[in-house]
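Following the hints, position chain B against chain A.
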Amino acid sequence: MTNETLASYANLSLYSAMAVLTLSMLGYAGYLAGLLPARDARAESADAPDRELVSAGGGSAGDGGPSRADAVTARGGSDAQVPLRARKAAGVAHTLALLGTVLLFASAALRGASVQRWPLGNMFEFGVAAALFTMVVFVAYGLRRDLRWLGLFVVAPVLILLGLANTVWYTEAAELMPSLKSVWLVIHVTVATISVGLFAVGFVIALLYLAQDRFGTERGVLRALPDGKTLERLTYGLHIIAFPLWTFTLIAGAIWARQAWGSYWNWDPKEVWTFIIWVVYAAYLHARVTRGWRRQSATWVAVAGFVCIIVNYAVVNMYFVGQHSYSGL
Amino acid sequence: MSLSTQPADPRTERDDVTQPQLGPLGLLRFAWRQLTSMRTALFLLLLVAVAALPGSIFPQRSIDAVRTADWIARHETAGPILDTLGFFEVYASPWFAAIYLLLFVSLVGCVLPRSRIHWRAMRSLPPRAPKRLERLSAHESVTLDGAPDEVLREVRSALRSGRFRTHSHDATTVSAEKGYLKETGNLLFHLALIGVIVGMAWGHLLGWKGDVILPVGQTFANTVARYDTISPGPLVDPADFTPFTMKLTRFDAEFEDDVQGKGQFGSPRDFTAYVDFTKTPGAEPEKKVIRVNGPLETGGGTAFLLGNGYAPKITVRNAAGTVLYSEATPFLAQDNNYTSVGAVKVAGAGPAGKQLGFAGLFLPTAVLDEQGPRSVFPDALEPALALSAFEGTLFPQGRPQSVYSLDTDDMTQLKNADGSDLLRIWLTQGQTFTLPGGQGSITFDGLERFAGISIRSDPGKELTLVSALAALLGLILSLTIRRRRVFVRVAPAAEQGRTVVSIGGLAKDDDEGMGEQLEDVLTRLKERRT
Chain A
1 MTNETLASYA
11 NLSLYSAMAV
21 LTLSMLGYAG
31 YLAGLLPARD
41 ARAESADAPD
51 RELVSAGGGS
61 AGDGGPSRAD
71 AVTARGGSDA
81 QVPLRARKAA
91 GVAHTLALLG
101 TVLLFASAAL
111 RGASVQRWPL
121 GNMFEFGVAA
131 ALFTMVVFVA
141 YGLRRDLRWL
151 GLFVVAPVLI
161 LLGLANTVWY
171 TEAAELMPSL
181 KSVWLVIHVT
191 VATISVGLFA
201 VGFVIALLYL
211 AQDRFGTERG
221 VLRALPDGKT
231 LERLTYGLHI
241 IAFPLWTFTL
251 IAGAIWARQA
261 WGSYWNWDPK
271 EVWTFIIWVV
281 YAAYLHARVT
291 RGWRRQSATW
301 VAVAGFVCII
311 VNYAVVNMYF
321 VGQHSYSGL
Chain B
1 MSLSTQPADP
11 RTERDDVTQP
21 QLGPLGLLRF
31 AWRQLTSMRT
41 ALFLLLLVAV
51 AALPGSIFPQ
61 RSIDAVRTAD
71 WIARHETAGP
81 ILDTLGFFEV
91 YASPWFAAIY
101 LLLFVSLVGC
111 VLPRSRIHWR
121 AMRSLPPRAP
131 KRLERLSAHE
141 SVTLDGAPDE
151 VLREVRSALR
161 SGRFRTHSHD
171 ATTVSAEKGY
181 LKETGNLLFH
191 LALIGVIVGM
201 AWGHLLGWKG
211 DVILPVGQTF
221 ANTVARYDTI
231 SPGPLVDPAD
241 FTPFTMKLTR
251 FDAEFEDDVQ
261 GKGQFGSPRD
271 FTAYVDFTKT
281 PGAEPEKKVI
291 RVNGPLETGG
301 GTAFLLGNGY
311 APKITVRNAA
321 GTVLYSEATP
331 FLAQDNNYTS
341 VGAVKVAGAG
351 PAGKQLGFAG
361 LFLPTAVLDE
371 QGPRSVFPDA
381 LEPALALSAF
391 EGTLFPQGRP
401 QSVYSLDTDD
411 MTQLKNADGS
421 DLLRIWLTQG
431 QTFTLPGGQG
441 SITFDGLERF
451 AGISIRSDPG
461 KELTLVSALA
471 ALLGLILSLT
481 IRRRRVFVRV
491 APAAEQGRTV
501 VSIGGLAKDD
511 DEGMGEQLED
521 VLTRLKERRT
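The listed protein sequences correspond, in order, to chains A and B. Here UniProt numbering is used: position 31 in the first sequence is 31, and no number is missing along the way. Here UniProt numbering is used: position 353 in the second sequence is 353, and no number is missing along the way.
Simulated from the structure, these hints should not be mistaken for lab results. For every residue, glycine included, the Cβ atom is placed at its ideal position computed from N, Cα and C. Heads up, none of these hints are tricks.
Simulated coverage check for chain B against chain A, where a stretch passes if three residues somewhere in it have a Cβ under 8 angstroms from a Cβ of chain A:
# : stretch
1 : 27 to 41
2 : 56 to 69
3 : 302 to 312
Looking at chain A on its own, in the form it has when it is part of the complex:
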């Protein structure tokens, strides 16, 4: 039985989350934008000291304090060197990101309540949950270290994912099919989605690391990021949390498959892809410690891993014939 009122509240909460996250994304963009002129001003003042007045005319020079070569906090400068405008934008963006995360959680919870089951039963619900966990990873990690430079690059893809979920993958709230009615749905799919959230943030940082490596640290928005070594460590740190969780997903899925389909491994396309993803990330962890492999090349393997996750979600669910046909489409 479906409670239509709760289901509509769930959707309302989702729309609100999207609106809030859009503002949050703009805030993070504002932070990065606010950071850059300070650096430009500095670079220019180094070349031509008499131009400082002109370039700092926006009024941020006083707020930003004396400019130094490492003014950007992400590269080790102190927060006081960040222009006030940028700091304000990031503060607002952070609060909105938190609010958006709470609204996403509320949406998933309301949807679960409306159908009285765990809200991870079809593509739409996976999409919302993946967005939720990606935001949770970002917000939670942001409590431990300054991740304001990352905000734009996480919130924007999350919004795209929510947009797709809401349009292409939208499915009405309904009961589950019999094979999904199991406690393993809660265990297997939830852990899978959490590790996807971790992989997603790791993937974004990996891309930023590779972009910085390719285009140098002084171009455009890349200047606002931490140095390459820090980025590489951050992405590795996320991957080594996500990988055991993905391993657990694989094992839990096998246990469930045995219960629902009679055999713990059926070479179903979804299983094959879960395995491929596991192998690719295992290769990443190996590549990182293999002599003769550069960190950059290893990071490319991690990027390939996340591409496989996207394929596994967006292509395998929809177009491959298998037993995991729960897209609800």
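Relative to chain A, chain B alone:
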């Protein structure tokens, strides 16, 4: 394991040419080194990922033989070529096996020597402290009250409380090491993967699975002959099957009729099979339930509910009214609305020694319009049969054939009474259709559901599961624990009764936490001084 002696890499042969002094033994050693190197392992890992791909793209014979045959038939050129290359049986193909076997040989070749080294490392002492601790990436120096030897004693106790193993190679230094569990976990992970593959192989050799379609009211006895399909592992003796029986007494199916949205209306919601289960012949039957996520342990294999459908009860009589055929006849569902196909084979000879056969559709919620006969909902709301009739020989030359279709090679299709068109029979429940030309009649008496039960045994699954969990544990240990060495040197300070403590840390890989680790040791030390 003979694979390990083969050259793993074409480069091997080239090296053989440029280095003629490499004898056959040297060549083997070289090949082994190549195979067990990290680079090769990495290459093989990526290769496994790529090789697993086609199995998700092309239909696989072991999963869906019909769809595979269909695919090959539709692709006249590519189909047979891909078939020869094993693309429809990827996970049983020699090339896939070659890759993962090489990977595992490489793994064994890498892990065994490492286990030996690790075993020695765990039993050996931490190395001597380097001369200049300030050269280490993380280092610190503090001056404390107390004589050097007294302070050194407390340094050791502080390190031990921080779970370090300590040793003093001389009177002024302490060497300490911790984090051996990292390598232990790493080795556990890799060795456990071998357990996973052994468990899978064991299950393949000693496991079996069989499927049976069981209409409500019928009894299944666990003998090979009673299965519709059975695939025993190479080492299984089907004569040893446990002689349990189960009678399907009731089957419940529920479908979504509440939510109207796309993809949900008509979706299955619940299937339950109620059986009378008799463990051994003569024992008291027990009432048991088999659900989609709730299999039944029989003591000789596990019974899973993997399918269901309709078995309309069909009766065929001859012109005199004698019953020739009367059975609940399973029809196999073809789509989500259970448009089902099946056949009725009346083996008893009719007039002129000809046998009768019927083939066609069963439709639980039947609609007949310009799109042809079809079902629009999976539940049995308006059940109907749409059949064609044939006469002739049902089993030409005793060829094996499906229960759900007619082999019409030696049969002719019946025409309607005036011979103007092929005969089409449309029967709703309870109706009887009289066949033209005094061939008798066919009646749709009633409707039963059937349960598709799959009974499987996999003796390797426990080993696989335990190994997989061990691998997970090893993985967590190897990724979270850090191997760290800390060295401490004490020297008398300039002032009387004070001691300079120099501490330096050495970590494997880049270890952001080393500075904190040293702080932690110093804090513990200071706590002891107060």
